[in-house]
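Peer 1: Sequence:
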Amino acid sequence: MFGVRSLARRLRPFGPRAPFRPRRRTWLILAIGVAVLAVAAGGASHLLTGGPTWIGPASVIDGDTIEIERQRIRLHGIDAPESDQVCERDGRPWHCGAEAAAALRARIRGHVLTCREIERDRFGRAVARCRAGGQSVNAWMVREGLAVAYLRYSFAYLPEQIEAWWHGRGLWAGRFVHPEDHRHRR
10 MFGVRSLARR LRPFGPRAPF RPRRRTWLIL AIGVAVLAVA AGGASHLLTG
60 GPTWIGPASV IDGDTIEIER QRIRLHGIDA PESDQVCERD GRPWHCGAEA
110 AAALRARIRG HVLTCREIER DRFGRAVARC RAGGQSVNAW MVREGLAVAY
160 LRYSFAYLPE QIEAWWHGRG LWAGRFVHPE DHRHRR
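So in my numbering, the last spot in the sequence shown is 195, and the numbers never skip.
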């Protein structure tokens, strides 16, 4: 058993005179957290303020790349079949890459696009979210099953991909090789 003095010595660190170290630790952790956020925001300030914006009519390069005013822009968060990619629908070959590009061309025809840069890819292209007629072109491509959500880079269009899969639209109406896998097989 413990005596009163022994118990008092054991409880002393928790008494009113004891330094409250967790508070110091809390402030230190908070200060480090604020510093990390400040560095992150400085390095990714384009996410807060928005990067460059291109506005104008666009030409289609392929199912996930457009060009506005001689600026190549890759649609953020999506991956469309390559132009030469062939998929299968109803047991027959289907030129899904060419159809994805044609559908994108038809979707943006007559519209002024607004594309806001998110980042640059390893080839120096702008990667952007684009809108036509007030609606996201990126989300439309995935919702129609003409592109897949590029989950390696973003989960932004996963709900649209689930919707396309559920309704059997576009790529999801048959069999296909994911565009990224197709590029690696070349």
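There's no promise every hint is true.
With beta-carbon atoms standing in for the labels, derived distance ranges [said to hold, decoys possible]: (1) G143 to R195: 34 to 40 Å; (2) E97 to R192: 16 to 22 Å; (3) R118 to R194: 29 to 35 Å; (4) E78 to R131: 28 to 34 Å; (5) H187 to I70: 15 to 21 Å; (6) R178 to P61: 17 to 23 Å; (7) R194 to D130: 26 to 32 Å; (8) G142 to P102: 18 to 24 Å; (9) I70 to R161: 18 to 24 Å; (10) G142 to Q80: 17 to 23 Å; (11) E78 to G142: 17 to 23 Å.
Since the hints were derived computationally from the structure, they do not count as laboratory data.
Ideal Cβ positions, reconstructed from N, Cα and C, are used throughout, including at glycine.
Peer 1: Give a verdict on every hint.
Peer 2: Here is what the structure says about each hint:
1. Taking the beta carbon of each, G143 and R195 are about 37 Å apart, inside 34 to 40 Å as hinted.
2. Taking the beta carbon of each, E97 and R192 are about 18 Å apart, inside 16 to 22 Å as hinted.
3. Between R118 and R194, the C-beta spacing of about 32 Å keeps the proposed range 29 to 35 Å intact.
4. Our hint of 28 to 34 Å for E78 and R131 is violated, since their Cβ atoms are close to 22 Å apart.
5. Checked against the hint of 15 to 21 Å, the pair H187 and I70 passes, with Cβ atoms roughly 20 Å apart.
6. Here the CB-CB span from R178 to P61 is close to 32 Å, at odds with the stated 17 to 23 Å.
7. Checked against the hint of 26 to 32 Å, the C-beta distance between R194 and D130 comes to roughly 21 Å, which is inconsistent with it.
8. Judged by the Cβ atoms, the range 18 to 24 Å given for G142 and P102 is violated: they are separated by roughly 33 Å.
9. Take I70 and R161: their Cβ atoms lie about 21 Å apart, and the range 18 to 24 Å holds.
10. Judged by the Cβ atoms, the range 17 to 23 Å given for G142 and Q80 holds: they are separated by roughly 21 Å.
11. Look at E78 against G142: about 19 Å separates their beta carbons, and that is inside 17 to 23 Å.
Violated hints for the displayed structure, listed by number in ascending order: 4, 6, 7 and 8.
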